[in-house]
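Please take these sequences and the hints and turn them into a complete structure.
Protein chains: 2
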Amino acid sequence: MSALLKELGEISGEAGLVTGEALAERLIPHGQPMAIVRPESTEAVSATLAACNAAGQTVVPYGGLTGLVEATAANPTEIALSLERMNQIEEIDIASRTMTVQAGVPLQLVQEAAEAAGLMFPLDIGARGSATIGGNVATNAGGNRVIRYGMMRDQILGMEVVLADGTVLSSLNKIIKNNTGYDLKQLFIGSEGTLGIVTRLVLRLRPMPVSQQMAFLAANSFNEVTDILNRLDGKLGGSLSAFEVLWQDYYQLVTTPPAAGKPPLAAGYAYYILVEALGGDEVADSERFLTVLSEAMEDGVIADGAIAQSQGERDAMWAIRDDVGQVRQFRPVFSFDISVPLNQMDSYVTELKQSLNDRWAHNQCMVFGHLGDGNLHIVVGVGDKSLKAEVESVVYAGLPARGGSVSAEHGIGIQKKPYLSMSRSSEELALMRTLKQALDPNQILNPGKILS
Amino acid sequence: MSALLKELGEISGEAGLVTGEALAERLIPHGQPMAIVRPESTEAVSATLAACNAAGQTVVPYGGLTGLVEATAANPTEIALSLERMNQIEEIDIASRTMTVQAGVPLQLVQEAAEAAGLMFPLDIGARGSATIGGNVATNAGGNRVIRYGMMRDQILGMEVVLADGTVLSSLNKIIKNNTGYDLKQLFIGSEGTLGIVTRLVLRLRPMPVSQQMAFLAANSFNEVTDILNRLDGKLGGSLSAFEVLWQDYYQLVTTPPAAGKPPLAAGYAYYILVEALGGDEVADSERFLTVLSEAMEDGVIADGAIAQSQGERDAMWAIRDDVGQVRQFRPVFSFDISVPLNQMDSYVTELKQSLNDRWAHNQCMVFGHLGDGNLHIVVGVGDKSLKAEVESVVYAGLPARGGSVSAEHGIGIQKKPYLSMSRSSEELALMRTLKQALDPNQILNPGKILS
Numbered sequence: 001m002s003a004l005l006k007e008l009g010e011i012s013g014e015a016g017l018v019t020g021e022a023l024a025e026r027l028i029p030h031g032q033p034m035a036i037v038r039p040e041s042t043e044a045v046s047a048t049l050a051a052c053n054a055a056g057q058t059v060v061p062y063g064g065l066t067g068l069v070e071a072t073a074a075n076p077t078e079i080a081l082s083l084e085r086m087n088q089i090e091e092i093d094i095a096s097r098t099m100t101v102q103a104g105v106p107l108q109l110v111q112e113a114a115e116a117a118g119l120m121f122p123l124d125i126g127a128r129g130s131a132t133i134g135g136n137v138a139t140n141a142g143g144n145r146v147i148r149y150g151m152m153r154d155q156i157l158g159m160e161v162v163l164a165d166g167t168v169l170s171s172l173n174k175i176i177k178n179n180t181g182y183d184l185k186q187l188f189i190g191s192e193g194t195l196g197i198v199t200r201l202v203l204r205l206r207p208m209p210v211s212q213q214m215a216f217l218a219a220n221s222f223n224e225v226t227d228i229l230n231r232l233d234g235k236l237g238g239s240l241s242a243f244e245v246l247w248q249d250y251y252q253l254v255t256t257p258p259a260a261g262k263p264p265l266a267a268g269y270a271y272y273i274l275v276e277a278l279g280g281d282e283v284a285d286s287e288r289f290l291t292v293l294s295e296a297m298e299d300g301v302i303a304d305g306a307i308a309q310s311q312g313e314r315d316a317m318w319a320i321r322d323d324v325g326q327v328r329q330f331r332p333v334f335s336f337d338i339s340v341p342l343n344q345m346d347s348y349v350t351e352l353k354q355s356l357n358d359r360w361a362h363n364q365c366m367v368f369g370h371l372g373d374g375n376l377h378i379v380v381g382v383g384d385k386s387l388k389a390e391v392e393s394v395v396y397a398g399l400p401a402r403g404g405s406v407s408a409e410h411g412i413g414i415q416k417k418p419y420l421s422m423s424r425s426s427e428e429l430a431l432m433r434t435l436k437q438a439l440d441p442n443q444i445l446n447p448g449k450i451l452s
Numbered sequence: 001m002s003a004l005l006k007e008l009g010e011i012s013g014e015a016g017l018v019t020g021e022a023l024a025e026r027l028i029p030h031g032q033p034m035a036i037v038r039p040e041s042t043e044a045v046s047a048t049l050a051a052c053n054a055a056g057q058t059v060v061p062y063g064g065l066t067g068l069v070e071a072t073a074a075n076p077t078e079i080a081l082s083l084e085r086m087n088q089i090e091e092i093d094i095a096s097r098t099m100t101v102q103a104g105v106p107l108q109l110v111q112e113a114a115e116a117a118g119l120m121f122p123l124d125i126g127a128r129g130s131a132t133i134g135g136n137v138a139t140n141a142g143g144n145r146v147i148r149y150g151m152m153r154d155q156i157l158g159m160e161v162v163l164a165d166g167t168v169l170s171s172l173n174k175i176i177k178n179n180t181g182y183d184l185k186q187l188f189i190g191s192e193g194t195l196g197i198v199t200r201l202v203l204r205l206r207p208m209p210v211s212q213q214m215a216f217l218a219a220n221s222f223n224e225v226t227d228i229l230n231r232l233d234g235k236l237g238g239s240l241s242a243f244e245v246l247w248q249d250y251y252q253l254v255t256t257p258p259a260a261g262k263p264p265l266a267a268g269y270a271y272y273i274l275v276e277a278l279g280g281d282e283v284a285d286s287e288r289f290l291t292v293l294s295e296a297m298e299d300g301v302i303a304d305g306a307i308a309q310s311q312g313e314r315d316a317m318w319a320i321r322d323d324v325g326q327v328r329q330f331r332p333v334f335s336f337d338i339s340v341p342l343n344q345m346d347s348y349v350t351e352l353k354q355s356l357n358d359r360w361a362h363n364q365c366m367v368f369g370h371l372g373d374g375n376l377h378i379v380v381g382v383g384d385k386s387l388k389a390e391v392e393s394v395v396y397a398g399l400p401a402r403g404g405s406v407s408a409e410h411g412i413g414i415q416k417k418p419y420l421s422m423s424r425s426s427e428e429l430a431l432m433r434t435l436k437q438a439l440d441p442n443q444i445l446n447p448g449k450i451l452s
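Protein sequence lines correspond, in order, to chains A and B.
Counting from 1, position 259 in the first sequence corresponds to residue 259 in the working numbering; the numbering is continuous, with no gaps.
Counting from 1, position 234 in the second sequence corresponds to residue 234 in the working numbering; the numbering is continuous, with no gaps.
A hint or two may mislead.
Stretches of chain B that chain A covers, calculated by requiring three or more beta carbons in the stretch to come under 8 angstroms of a beta carbon on chain A [to be verified]:
id: 1; stretch: 26-37
id: 2; stretch: 142-150
id: 3; stretch: 185-195
id: 4; stretch: 236-245
id: 5; stretch: 278-289
id: 6; stretch: 432-439
None of these hints come from the bench; they were simulated from the model.
Beta carbons: idealized from backbone N, C-alpha and C, even for Gly.
If you want it as structure tokens, here you go:
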């Protein structure tokens with residue numbers, strides 16, 4: 001064992017260093033590191049990074065390893081630093097509506113702890129059971145309720161982060177407003193572990209909603225979809241929490257066996273919309289929800305609609321939207337996570353489908369996503385696993401001219417690096433490199449991710 | 001005229017260079033610069049900064065000059081760069097709900113243009129008529145509706161900024177979600193012109209509310225105040241847009257002649273609260289507002305209350321809250337803008353009043369502010385203008401141990417530099433210096449502001 005590994009073992013203890021057989025037994029996506037160190041404290045993270053920085057040893061931060069762009073890929077020359085033993089919820093402050101947590105706590109435990117305190121942590125993604133809150137910071141996670149509550153960036157009041165040289169930067173604020181110099185925490189949010197390792201967070205909690213209204217709606221044109229969005233966002237007075245659109249193909253896929261979901265609305269409409277509003281008064285909220293939807297239906301904007309009448313029906317509606325696994329029927333498929341301004345979205349999707357049809361007579365193109373945020377998920381199958389790069393170039397081709405993004409939520413990691421310059425200018429990339437050089441001059445933190 | 005000034009005159013034209021008598025005639029707070037350059041385009045800003053950077057010439061960015069911490073202070077060795085001729089609203093995109101503007105547009109014109117398009121730009125501060133949108137970015141402005149819509153940071157989707165060396169960094173996104181590498185715009189928000197000069201912005205617009213509910217409430221204890229906040233924030237279902245608290249002394253000041261405001265509630269309560277909710281349905285919203293307030297009153301949480309019945313009454317309620325000018329009755333006074341976590345706020349204010357009384361038998365201490373955001377404005381008079389530093393040290397003394405901030409909204413500039421280290425650690429200050437050095441190695445941008 002190298003002198004450095006020995007030193008890291010002393011810092012984190014025997015149980016804190018995973019090598020050899022124990023390492024081989026772990027299921028690690030995207031490559032085996034030399035070792036996994038598992039520090040139990042901020043001080044241990046600091047000592048670990050200081051030692052690695054002095055030795056020029058590269059370090060790959062590990063959260064829940066649920067990322068989708070290979071941002072945690074490692075190789076046998078690299079050491080992985082896992083936050084899995086820093087998994088304590090340290091404080092819930094009900095009056096200030098904050099929760100102080102270590103970065104290795106899984107998202108779901110944060111949600112449950114907030115709920116147990118009568119509050120809500122609104123960020124929610126499918127990987128909630130494994131994804132850690134620190135990983136959510138590193139990727140600036142999004143999810144289903146961004147339209148109302150924002151992304152992970154908007155849930156963070158305070159942050160403790162360890163820099164490449166071991167410096168502990170502690171900004172564990174509980175306050176919403178703090179204009180005292182540069183807001184340093186912003187730099188680390190979404191930086192995919194390349195600028196520092198987040199160790200603790202002060203999270204912002206929200207009032208727990210007492211009512212949940214949901215409906216599935218159908219629309220015949222994209223103009224009607226945006227019209228419905230504007231009506232609901234205006235008339236539901238701040239309570240609209242999800243506006244998820246399923247293009248026809250995807251709706252049919254997830255409401256037809258072998259999918260378990262029963263279709264809440266007849267097939268054949270161009271667009272299906274899952275709408276959710278979270279409010280503070282069951283009776284008044286359900287009346288308002290019904291009124292707003294009824295008006296839109298009378299005005300002919302909504303073609304058809306079904307309002308969930310029970311928790312079971314609400315859960316079933318979300319399950320339909322979330323049954324992304326059905327796309328496996330068309331394997332091999334490629335998945336995308338793009339943003340495009342709302343006034344360009346219809347033309348983008350139309351053009352994309354046309355391009356795919358022109359190129360591959362038999363293709364599958366499933367489109368759905370968080371339309372209220374301009375974010376679409378697109379799944380494409382062309383029957384050939386080797387055509388990934390070709391499909392990518394078709395999907396991304398329409399984005400730059402429309403001011404779209406090749407990554408709305410998932411980040412860049414390694415997978416999307418070839419396309420980063422489609423969403424960022426050379427000046428932006430140069431400034432990113434300047435920042436990386438300033439914060440991590442020895443390039444030890446998650447090298448080769450985002451930037452080469 | 002120096003060679004550099006001649007070059008700057010060529011870049012911005014004759015009307016773009018203000019020197020000599022024309023300069024002397026301008027009312028400029030905090031010191032006269034050598035000249036004011038007024039570029040009309042991003043290219044001209046870029047050429048100006050490139051020339052100044054090459055010459056080692058320091059530059060002070062000018063917005064509306066309404067800042068409160070001397071962040072635009074200049075001296076005759078410095079050149080001021082004013083955005084006053086970059087004052088175009090370039091586009092309003094109703095479908096994407098965005099507005100693209102040049103940085104020199106006054107805030108109020110942005111608000112009015114949004115309203116004319118049937119949308120809302122929610123940021124609002126007292127200086128709206130003069131303060132520019134670029135200045136709002138530089139200070140990360142807050143204001144009255146942060147509890148619902150966030151600060152300036154939350155209103156920005158895209159940004160174009162010119163770096164110290166003239167590099168134009170263009171990130172004029174219209175999309176909400178864009179996880180493609182570091183979110184560079186965050187770096188410049190709240191950096192008070194020390195890292196770059198913002199030239200254009202894509203602003204996020206919101207649905208225009210159709211109903212405005214307002215009330216003045218009274219409470220006997222601070223616990224009741226936070227109880228009311230939690231009830232309203234939960235039960236009004238996302239529509240709560242302001243929760244402004246006036247401590248007894250301030251309420252009395254602004255509802256007693258010579259103040260024009262008529263008291264909506266009897267004197268003598270410990271706390272007065274101005275509550276506002278913005279919604280989408282006049283009838284349903286007013287019913288809900290009444291129901292929620294009535295319940296809290298029946299439960300004895302609200303001691304007294306008055307609901308505004310007309311636009312005139314609503315305007316009058318805001319006018320009472322905003323009649324800060326009345327503090328001039330106690331001149332000389334010193335004004336503060338602090339944040340403190342909600343669970344520490346009562347003890348902080350109690351301790352502050354005690355400390356002031358211990359030190360100055362005859363003092364005035366008026367407290368009011370955006371309690372929903374943890375932000376208080378405090379005005380202190382001790383009858384002696386020369387005691388500013390002494391009063392400051394008393395007001396700030398209780399903040400560090402409570403995790404408070406010496407500047408919630410106003411920034412640091414020059415005025416609050418001596419106290420910056422009370423809210424920021426030496427590691428944080430070191431990283432700020434690292435960033436400043438990386439982005440502005442010749443230290444030409446607004447030198448001496450925030451950092452020395």
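Evaluation of the provided hints:
1. 26-37: Violated - the stretch 26-37 of chain B has 0 residues with a Cβ nearer than 8 angstroms to chain A, which falls short of three.
2. 142-150: holds (count 4)
3. 185-195: Coverage by chain A holds here, the residue count being 6 at a Cβ distance below 8 angstroms.
4. 236-245: holds (count 4)
5. 278-289: Since three or more residues must qualify, the claim that chain A covers the stretch 278-289 of chain B holds, with 8 doing so at under 8 angstroms.
6. 432-439: holds (count 6)
Checked against the numbered hints above, the structure violates only hint 1.
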